[in-house]
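Novice: Residues per chain are reported as follows:
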Amino acid sequence: MQLLYSLRGAVWILVYLLFILAPLFALLAGSHPPTRDFWTEFSVALGYSGLAMMGLQFGLTARFRYVTEPWGEDVIYHFHRQISLIAVGLVITHPLILVAVKPELLAPSNMLEAPLSAHLALLSIFSVIALVVTALWRAALNLKYETWHLTHIVLAVVAITAGVVHMVGSSFYLVDPWKQSLWIGLTIFWIGLLLYVRIVKPLFMLRRPYRVSEVRQERGDTTTLVMQPDGHPGFHFNPGQFGWLMVWGSPFKITGHPFSFSSSAAAKGGRVEMSIRNLGDFTKEIQRVPVGKRVYLDGPYGAFTIGNPADMHVLIAGGVGVTPMMSMIRTLADRGDKRPVILLYGSKDRESITFCEELEVLKARLDLTVVHVLANPPAGWTGEQGFINAEMFKRHLPPPYSDHEYFICGPGVMMDAIEKALGEIGVPMAKYHSERYSFV
Amino acid sequence: MRRVFADRLAFATGVIVILMSILFALSRVAG
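Protein sequences appear in the order of chains S and F. The opening residue of the first sequence carries number 1 in my numbering; numbering runs sequentially from there. The opening residue of the second sequence carries number 1001 in my numbering; numbering runs sequentially from there.
Same shape as in the complex, but just chain S (with noise of 0.2 Å):
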């Protein structure tokens, strides 16, 4: 399964390599124009390539699971954003690169006499610059997530059609018809990903509805919807997963939000539960979610499933991050699973650890040992307290530590903090899995 993972990941990273740079490296096919100096040749070469992978950026967004499933969706969004930083870099650099060569660029005559295209290439830029700023400074701009998700997609897409227009529109290099065919072939194409998602996605989703049958109200202000199929067989999914909820409105409004799926993987009827914690504008609404509401889902995604070979599966969890590890837990006890299943579960008190009561009667039902971990803990408590770190896994795991397969959720400061540990105490990279669910 690994090795399976692994050669999929090189290919799409092939694939992936090849959208950017073929599209450039066609334009020395056909006729060519005449050659200019190195530096304006550069800047050119940069513009087409980190044009080409700001339209891949649709495509890394899009939620193809064939495409994602190597690594998770989490490090695809992580990787979104990386690369994006070095696509606005490429894109900002080549007309710095085009001044400092044409100095007489910036002449007010020549800006004043510029022709559309080269208006287009300013607004281009600058709304690739908009797009980077509200990315990185959304909390400081106080700007809610969906306005965010609204403006991020317009940028983005004003970004990507005045580029092309811009680079059709100086039609230095895309003289030939089918190298000019080739650019706004790709431009369809990326707008088509977009579209694919917001449009093609949602009309499938709409056909397929969930209703919410329950909503319990569990410790740590942490609300279960469950959720249904209506009128359909609903999905299968791994243990571990999870999907796009959308609670208010219809599924082409831009309301989705991940969350892990917390039910049995076994549960019959295509029945999925998602567990989750008020700690934001749309999860404080959840816990009025009516029993009997419509609502959708999109899924199921994620890597972070167990199925590797393991002698024993040690789940570390932070707050709500035991969402995914509850769903593990239910799925091994109903298939019957021998194997030992260890616990670390980090909460800041004991009234805030959710599923508290359910864990301790799992554990009749297979054999699980349960470690509290509590930041706060109240007086006389004789258990572990503080943060999770690498002294609790030797007093607790058997070793060779290197032989069982590690899953973590939680805050992104304690998982950074569980990977070094784990380090530590010599676990290899390969037998641990994460999730981190926080996506922008």
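Everything labelled a hint here was simulated from the structure, so no lab data went into it. In this text the structure is predicted, and so the values were computed from the model without any measurement. There are no misleading hints in this set.
Sample of chain S residues facing chain F (criterion: CB under 7 Å; computed from the structure): (1) Leu21; (2) Phe38; (3) Phe42; (4) Ala45; (5) Gln82.
Glycine included, C-beta positions come from ideal geometry on N, C-alpha and C.
Given chain S, work out where chain F should sit, using these hints.
Specialist: Then chain F, alone, in the frame of chain S:
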């Protein structure tokens, strides 16, 4: 750690694109 891989992949992609852009410019200048 998987995010470190993504960071490295993004960095490597950037380096490859810049090198290929240099190659493109050199091939144009060389005629």
